[in-house]
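With the sequences and hints as input, model every part of the structure.
Single-letter residue listing:
Number of protein chains: 2
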Amino acid sequence: LSNQDQCNPHGQLRAHMDAAFASLPPAAVHGMPLDSVDTPALLLDLDAFERNLDRMQAAADAAGVQLRPHAKAHKCPAVALEQRARGAVGICCQKASEALPFLRAGITDIHISNQLASPDKAVMLARWAAAGARISACVDELSQIVALGNAAATSGSRLGVLVEIDIGQHRCGVPDADAVLHLLDAIARYPGLAFEGLQAYHGGVQHLRHQSERRSRSLQAAEQAASVRIALEQRGVRCTRVTGGGTGSVEFDLESGVYTEVQPGSYAFMDRDYADNESHGKLRFEHALFVASRVMSTAVAGQVVVDAGLKSLAVDSGLPTIRHPADQLRYAQANDEHGIVGPIDGARLPAQGTLLQLIPGHCDPTFNLHDELVGFRGDTVQCIWKIAARGLSR
Amino acid sequence: LSNQDQCNPHGQLRAHMDAAFASLPPAAVHGMPLDSVDTPALLLDLDAFERNLDRMQAAADAAGVQLRPHAKAHKCPAVALEQRARGAVGICCQKASEALPFLRAGITDIHISNQLASPDKAVMLARWAAAGARISACVDELSQIVALGNAAATSGSRLGVLVEIDIGQHRCGVPDADAVLHLLDAIARYPGLAFEGLQAYHGGVQHLRHQSERRSRSLQAAEQAASVRIALEQRGVRCTRVTGGGTGSVEFDLESGVYTEVQPGSYAFMDRDYADNESHGKLRFEHALFVASRVMSTAVAGQVVVDAGLKSLAVDSGLPTIRHPADQLRYAQANDEHGIVGPIDGARLPAQGTLLQLIPGHCDPTFNLHDELVGFRGDTVQCIWKIAARGLSR
Chain B
1 LSNQDQCNPH GQLRAHMDAA FASLPPAAVH GMPLDSVDTP ALLLDLDAFE
51 RNLDRMQAAA DAAGVQLRPH AKAHKCPAVA LEQRARGAVG ICCQKASEAL
101 PFLRAGITDI HISNQLASPD KAVMLARWAA AGARISACVD ELSQIVALGN
151 AAATSGSRLG VLVEIDIGQH RCGVPDADAV LHLLDAIARY PGLAFEGLQA
201 YHGGVQHLRH QSERRSRSLQ AAEQAASVRI ALEQRGVRCT RVTGGGTGSV
251 EFDLESGVYT EVQPGSYAFM DRDYADNESH GKLRFEHALF VASRVMSTAV
301 AGQVVVDAGL KSLAVDSGLP TIRHPADQLR YAQANDEHGI VGPIDGARLP
351 AQGTLLQLIP GHCDPTFNLH DELVGFRGDT VQCIWKIAAR GLSR
Chain L
1 LSNQDQCNPH GQLRAHMDAA FASLPPAAVH GMPLDSVDTP ALLLDLDAFE
51 RNLDRMQAAA DAAGVQLRPH AKAHKCPAVA LEQRARGAVG ICCQKASEAL
101 PFLRAGITDI HISNQLASPD KAVMLARWAA AGARISACVD ELSQIVALGN
151 AAATSGSRLG VLVEIDIGQH RCGVPDADAV LHLLDAIARY PGLAFEGLQA
201 YHGGVQHLRH QSERRSRSLQ AAEQAASVRI ALEQRGVRCT RVTGGGTGSV
251 EFDLESGVYT EVQPGSYAFM DRDYADNESH GKLRFEHALF VASRVMSTAV
301 AGQVVVDAGL KSLAVDSGLP TIRHPADQLR YAQANDEHGI VGPIDGARLP
351 AQGTLLQLIP GHCDPTFNLH DELVGFRGDT VQCIWKIAAR GLSR
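In order, the protein sequences belong to chains B and L. First residue of the first sequence: 1, per the numbering used here; consecutive thereafter. First residue of the second sequence: 1, per the numbering used here; consecutive thereafter.
Treat the hints with care, since some could be wrong.
From the structure, some residues in chain B lie toward chain L, with a derived Cβ separation under 8 Å [as the list claims (entries may be wrong)]:
hint, residue
1, S97
2, A117
3, S312
4, V315
5, D336
6, G353
Label-pair ranges, simulated between beta-carbon atoms [stated by the list, open to error]:
hint, chain 1, residue 1, chain 2, residue 2, range
7, B, H170, L, R284, 38 to 44 Å
8, B, A22, L, S36, 34 to 40 Å
9, L, G302, B, G342, 39 to 45 Å
10, B, H170, L, R51, 40 to 46 Å
11, L, G31, B, E213, 51 to 57 Å
Please keep in mind that the hints were generated in silico from the structure rather than gathered at the bench. Ideal Cβ placement from N, Cα and C applies to all residues, glycine included.
Have a look at this one:
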C-alpha cells in the first residue's frame, strides 16, 4: 500500500486493452430520442424547468425581494447561469467547496448559508474573495468568527458575515438579539469582516402538508426574524440583508415583508415530496426532474425490476413515483441497484428494456448521485450539463 | 441553452481568478495526522481492513471455494487489488459501466452479477471481452440472451453466461431447472456465449439478526440452488460455477458445499447494519470504514451539529453510530448537509471543530457518495485511493 493511486498500472496492459478501456460511451448525445438514453440517467424537462424559473423570478420581482436560489439543490453551474440570466442576484451554497465550480463558471456572488466546521474552509473562501468573488457566510459561535476574520486578514480580502438566528428549527442559529450583539462585537474586531445581516431559515415548515398550516407557521417564523431585526435596529444595528426561505415557504416568505432575499432551490425541479404539499396559492411549480430507468428483469411474476435503485435516486424522503406511464405502476422497493415495480389496479407490466421516468422523492441528494443532467424538449435530448459540484461536501 | 457544457467561460475571468479557482486543496495528504483531515471524508482503517481480507480469504481457502468479492460495495480499484493479492479470483460488479475502472487497473476477470437492461450494455461488455477481459453476466429472460449473443458475435468475443435462479428473494431469477433449460436452448444458439452455471443469491437472508435463523435460512436457500443444479445434471447439463452469497450468509454459504464461488463485499468494511447481526460464528469482521465529520455548530442547547448528512453517508439502512468518542454521543437525525448529534446519558458535548468518526449504516451507497478513500494506520494518513467507479450505475 502506498500513497500512489494504484488504479492505473498501464504497463501491464496491452495497447488494444488501453484503447478498449479508455472511456465509456456517452449516456446521451444532442438530438438523440429520449427513449435511447442509456439508463439510469437524470433528465430535465427544459420547458417545465424554464417555466418554474420564470414563475419564481416574477414572484420575487413583484415582491421587491432578491432571489438567491440555492445551488445545493442541483450542484450544476449551467442551472445557476439560467437562474442568473432571469434576474437571480447570485446563489447560495451549503458548503465552502461546493462553491468552486460556480466560481469557475463566472458566478461570483455566493452566500454560504451555513456555518464552517474548520478554519481551513474559511481560508478557501477568503482566497476566492481575494480573487474578486463576493462571498458571505453564516456564523452562530465565536470561533467561526475568529476563523473567518483571520482568513480574511491573511488573504487581504473582505468576507460578508450573516449571523444565523434560530426561528424554530432548533438546528443552527442563536436565539435572540442579545446573542447577535455578542457576536457583533467579535465581528467588529476584524477589519476584513463585514456584518451584513441575518440568516433566518426554518427547514421544518417546508413540508407541512396543509397550505394553511404551512402559511401560518412560515409567517410566524418570519415574524420571529422580524422581531430580532427590530430589536437590533433599536440598538443602532442595521441589517441590510435578511436571507432565508425555501420552496415550501417561499410564497409566504415573500408575503411576509421580512426577507430581503429568498433562497429556494427545489422549485426549479419539484420532487415528489414537495409535490405532496397541498398548494392552492398562486406560486406553483411543475415536475421537471426525472430519473430514466429501464426494466432489467421480468422473471418473477407480478412485478418487474428496473435498473435504478438507491445509487440513482435518494429515498430519504420516500420512494419515487412513476411519471411515464402514469398511474399504472408503483415503485415499491429500492435496493442498491434495483427497483421493484408493481402494477396499480391490475395494470399491464412493461416489457424488458422499457424506459420509465421516475419522479424522485427528494431532488437534492438525487442530483448528488449523478454526474450529468440530460436536458430534453418533447422527446429529444437538447443538452448535457455537468453536475460539477456533485460530491463537493467539504 | 446548447449541447456545450456552459460551466467554464474562462474568457470572462481574469487570470488571477483562474488561478484562485483552479482546484480545491486536498482533503488529506500522506503522513498527515488523522485529526487534520478536511471533513467530511471517508476513512479506511488499513489494519482492520487487512485483517478482514485475510480472514475472508482464509475461510474461502479452507472451504475450497473461490472468493470473488463484490466491487459494488467499494467501487475502488485499489481495494480490489488488495483482495486479488490475497487470492481473490476476480471481482463481481453489479452494473456494466462499473467494471471499467477495474479493467483499467488490470483486474480483467469480472462477473456482472446482474441482468442488463439494454443491448447497449451488452455491447460494452463484448468489446471489453474482445480486448482480452474475461467477462460473464447473468440472464433470466430471452431478450437478454439475444443482446449478449449479438454483441459477442459483432465483436468476435466470448462472454460467459450464468442463469440466475430465484432461491427465495423473489427479485430476479427463474424458478426452476425447466426454466433454466429453456434459456439454455437460446444460449446454445450463439457461438460467442458460454453457459457457465448458476447465480443464486438471496439478499433477504443477509440481515436476519439471529445467527441460528440466518444459518438455517441461508442453508435452505443453498439447498434450493443445489436442487436445481442436480436436476440439470440429471439432464446432462453441468454447472461449472455456482456463484452467490453475501457478507451476512457467507459463513453458511461456505459450509453448504453448494457454491463454487462466493461474492461477499461488505466484509472488508463492516457497516453498522451488518454489525447489528448477532454473530458467534468463527468468521467475524471488524469495522474498518468511517466517515470523518466535524462539529460545525453548537449554538442550540443540548446538541451539536456535525458537517456530515445525507450527502456524505447513506441512511437507507439506518443512521450511523459514533465510534470516536465511543458510547457518549448519538447521531439523532440526518439532513442533507447536517447531522444532529446528542449526548448519551448526560455525556459532555464536543466543542466546535471536534472531529468525530461515524460508522455508516450501509457501506455500499456511502462509498457511492465519495470520490476518495483516506487510508490510515493508527493516527496517521497512509494513502488516498480513488473511488473510481463511484456513480458508474449504467
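Here is how each hint holds up against the structure:
no.	hint	in the structure
1	S97	holds (5 Å)
2	A117	holds (4 Å)
3	S312	holds (5 Å)
4	V315	holds (6 Å)
5	D336	holds (5 Å)
6	G353	holds (6 Å)
7	B:H170 to L:R284: 38 to 44 Å	holds (40 Å)
8	B:A22 to L:S36: 34 to 40 Å	holds (36 Å)
9	L:G302 to B:G342: 39 to 45 Å	holds (43 Å)
10	B:H170 to L:R51: 40 to 46 Å	holds (42 Å)
11	L:G31 to B:E213: 51 to 57 Å	holds (55 Å)
This entry satisfies every hint, going by the numbered hints stated previously.
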